[in-house]
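Student: Could you put together the complete structure from these sequences and hints?
Heads up: the sequence lines are chains A and B, in that order.
Going by this note's numbering, the first residue of the first sequence is number 939, and it counts up by one from there.
Going by this note's numbering, the first residue of the second sequence is number 3, and it counts up by one from there.
Hints were generated in silico from the structure; no laboratory data involved.
Certain hints may be false.
Chain B stretches covered by chain A per the calculated footprint, using a threshold of three residues with CB under 8 Å from any CB of chain A [to be verified]:
hint	stretch
1	48 to 59
2	76 to 83
3	97 to 103
4	185 to 195
For glycine and all other residues, C-beta sits at the position ideal for the given N, C-alpha and C.
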Amino acid sequence: MRSLFLNELYKLWRQRTFILITLFVILIFFVQVLASSHSTYLPDPQLYEAKKEVYAVMPEDVSLQKLEHDIAALQLIHEYRHAKEGGMSDDEYLRIFGVVLEENGFSLPLLFREYGEYFNNTEDEYAALSSVLTRLKEQYQYIASYQVFLDEMPARAEEALHLPAFSDENGFPYRNIQKSLRDYERLHGISICPDLDEGLSILLKASRFFPLFAILILIAVTLLLSEEKASGMREILSGTKRGRLPLGLSKYAALVFYTVAVVALTYSGCILIAGKMIGFGDIGRSIQSVPLFRDCPYPISVRQFLMLSVLFPVLAALTLLNLAVLLSVLYRNTRVSVLFYLLFTSALYLLSYVFPLPAASGLPGEINPFSFADTGSLFSTYKNIDLFSYPQPEIAACFAAGLSFSILSLSFCFLVTASVIRLPEKPASDKRRASVRGSTLLFVNEAARLLFFSFGILLLLGLLVFALLKLSKKPSTLNEEEYFYYYYGKAVSGPVNPEMLAYFEEESAALDQKATGQNGFFSDPSLKKKQDALTKVRADYFLLLSAHERGLPVSYIPPLRTDPVYAKSNGFLIASLLVMLLQAFFLVPMFAADTDIGMEQLVRSAKKGRVPLFWTRYLLIMLYDSCCFLLLIFPVLFSWFRNSGISLSELNAPVESILRFVHADQNISIRIFTLLYAAGFYLSSLSFCSLITLLSAVIKRRGTTLVSGLLLILADHMLSLTKTPGLMQLSLSSGAALPDILENSGSFIVCCLVLIKNLLIFFLLILLHYRCYAGPSRKKYQESREVHHARS
Amino acid sequence: MPVLELDQLVKRYGKNKVPAVDHFSYRFENGVYGLLGPNGAGKTTLLRLITGGLLPDAGTVFYNGQDIDELGAMYRADLGYMPQQQQLYDTFSVRRFLFYFAALKGLKKKEAKEKIAELLSLTGLTKKAGVLLKTLSGGMKQRVLLCAALLNDPKLLILDEPTAGLDPKERMHIKNYIYRIACEKTVLIATHVIPDIEQIAREVLFMQHGRVVLSGRPDEVIKKVQDKIFEVVISRNAYEHLSEMYPINRVSGEREDRIHVRVISDAPPTAFEAAPADVSLEDVYLYLDSLTSPSMQDGAVP
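Tutor: Right, here's the structure in full:
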């Protein structure tokens, strides 16, 4: 058995492309966690730990009061320092802030005595300390609110039970309320303590890539089970002594090993990276200490949650594996089993993620491997399943359903493998098989090769799901700072006019007046945020005025309106990188398969086997890439126009109206530049396709072409991602980085030159490929023959 | 009447290598032509030059008097090629594969449907039409390739080892079909299975080192080695001694401890009781092969 198991593992290992895909999927998870770690704002961890220790020794209510007191003191000291820098005397300061000092129980000497150390803080130290104290205050507020949440639960339940809809003692709502009371009862007395929990938030984001494991499992099952069955190897193997049950069990064990190893490695790796980069705080504290998990009814620690966040995806992946194995046993035809698997898993995924409304999904949306793998959502929401009017916890119901399905499916597979149950050998569709049907259109045949036989349709389906997700996503809500920034931006939006500066003066004066009403002290934090937002908008406006003075009819457009497309992020480049890497998997076989298996001679001897075939394939590849591009870009542009509130007049404003392009030198409208950007992106995408197909014509081996293609795509995108001006413009992916090029060079001509360069490269790649495919030109060929004749 | 003419074809793989095809000239008209020769004689290279899959270093392939390079797709419309090929598009069914080739050959749908049904029936693959190519045996794949070659009703049919892997019944079936269609076509068959072409070939060409060493109608070439094949009846013990001295074609039944051996030799073996034998193409093949074999060059054959 052991040697059989190892041989099955070896079979998987020898599938180099499959191993590459597996590594690529793991890398996606790790990169996601790394990228999120870099973009997450974290208070100074050492300072946070030090301050946490200080407040931890006090009772929680005292800690909260002390924190509020300390924050007020810190703010007053900050104002005092500003007042001193502005040349204000102590008396003047007291005249303005005296009341506030008194309200908070301070006097200036007391402030000096108790918080003297803060007076010498630099601005950065003040910001760090303020951030830490604010965070601690929020956490203590949460701790206080959690206790209230638990204490008030019986009263809330009592109130709900009086409503007619919940009062039927035999109904699900009534029992559900009773159960929730019992569930939360056991949480009284758990230790809730503050700590940094950003690591957990980052970790939970990685779960969105779990569906990739469903694809990996499908490929593994296809390689080990379905392909062998379809190729007839199964019949050869089953004729040997251990070719049935022992071999079947070994195959299953190898698949289980692969699944557990890959999923556990990925999630453990993510935990390690998130732990190293950000940290999870004290992992012994209860999970309810994290505000996201307030509703979690299980008394578990963060450590236990982390362990479960590895275990649950593994169990979910095993359930998917059992589904794939069952379908592979049921259907002799690989394509049928793959199709059913994709249908089932896509439906489950859509039910659990894309349409998560209980009314729409019902039980399948909740009892679902994809929901089960999303440990964050599973533990952060309190949900019971209605099972014959008896509420059952979602986790237990999911687990029981998964276990039952696995036992039943595996038992069935066991019985089939042991020949206890015999499936019909001949499919019922023999008649249909014997009939002669098909198309003689070259394009249709090549399209079938790309989409169905090379599984190119998978990428299109994946991008379609992405598009649906993107389109169904609601506009993100703004936080207070963003809201004020947007509010003032909206107020001054429109053509830039120096007269608008008066507006800033008026608004600033109004805010100052409000502050003066409070003795110049921003005890209302919103007031301070408003002031900051106004200052920021004013600074932006001044920048645009410089463009206006250069004679450009720029408009002020609130940056939040242009950010979906023009924010300083690598989103488009990374999307381009991912899609191109995936496209390479499907496009390489288009040309390389013929040479790799020696079909080239046969194909080229046919009437349309040369030039028509080349152009048909090229047209198909371009169409395929165009579909991928549209599915990638259309939802982004659609969401931009629908959700950001950008108007047509704003789109017609010069591109310099976008703050990052304010130093550009041409009067090009945002609309035109967006079109150019999309064209550049599209051109890059087409060029990469041409590059991949050219490589397949030159290298001829599928595996080598794929690896070289992936490396080239990666290296090229890295050039763009470095944002180094010279390198970025050289890369083929520069079309997807056009805004960065415009920002760096400030010249629209450079952008056009980059596009022209990409266009020339695109045509050059096609020409080179055509030369490789069609051989030397007739003239060159005749010349070489004449030379040869002369030598002879 | 389609005429294929090869004029001084030369093909080298690498600059200073011995040519795989060396100044090969021949004219092919209607009928079946057998191309015989040992492995590495240049048969497949020659066929690839004829199909346009390889470009010659020198020389020209003329089809009906025109350079095939200039004819391009017009030439390939008349061409049917069946290579030595075991790896096909694994995920295609037989039917899809044939429709794919019908598309490559520019057939109309109705025409393709009829032709595919006819060819599947001819090659006994009708019931396998929906089966994936990767599940087929080597012989079945050969039959699929033959169907693909015949789809466009080619005037020039190039077959590289068409009967390899087929059982005797299938071989007979295919052989008869080729003979039936050959009256209006030029069929060029490269093979090691000499009986397949022995009865149907209009002419046979023996190739060695990229050149034709002997060609002509089967009876003509047989005549040329008529006096080189002898049947010797020897004891089993003497066999070892005889085989060291002469190339031996066949050993037949053992009777009373004596065996019948066909010996290839320019003169009758003097040390044994030998009589001239009826010559077959296989004998010719072996005779020509023995002329260049190392043992012959060493002077082992008297």
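Student: Looking back at the hints listed earlier, which ones does the structure fail to meet?
Tutor: 4
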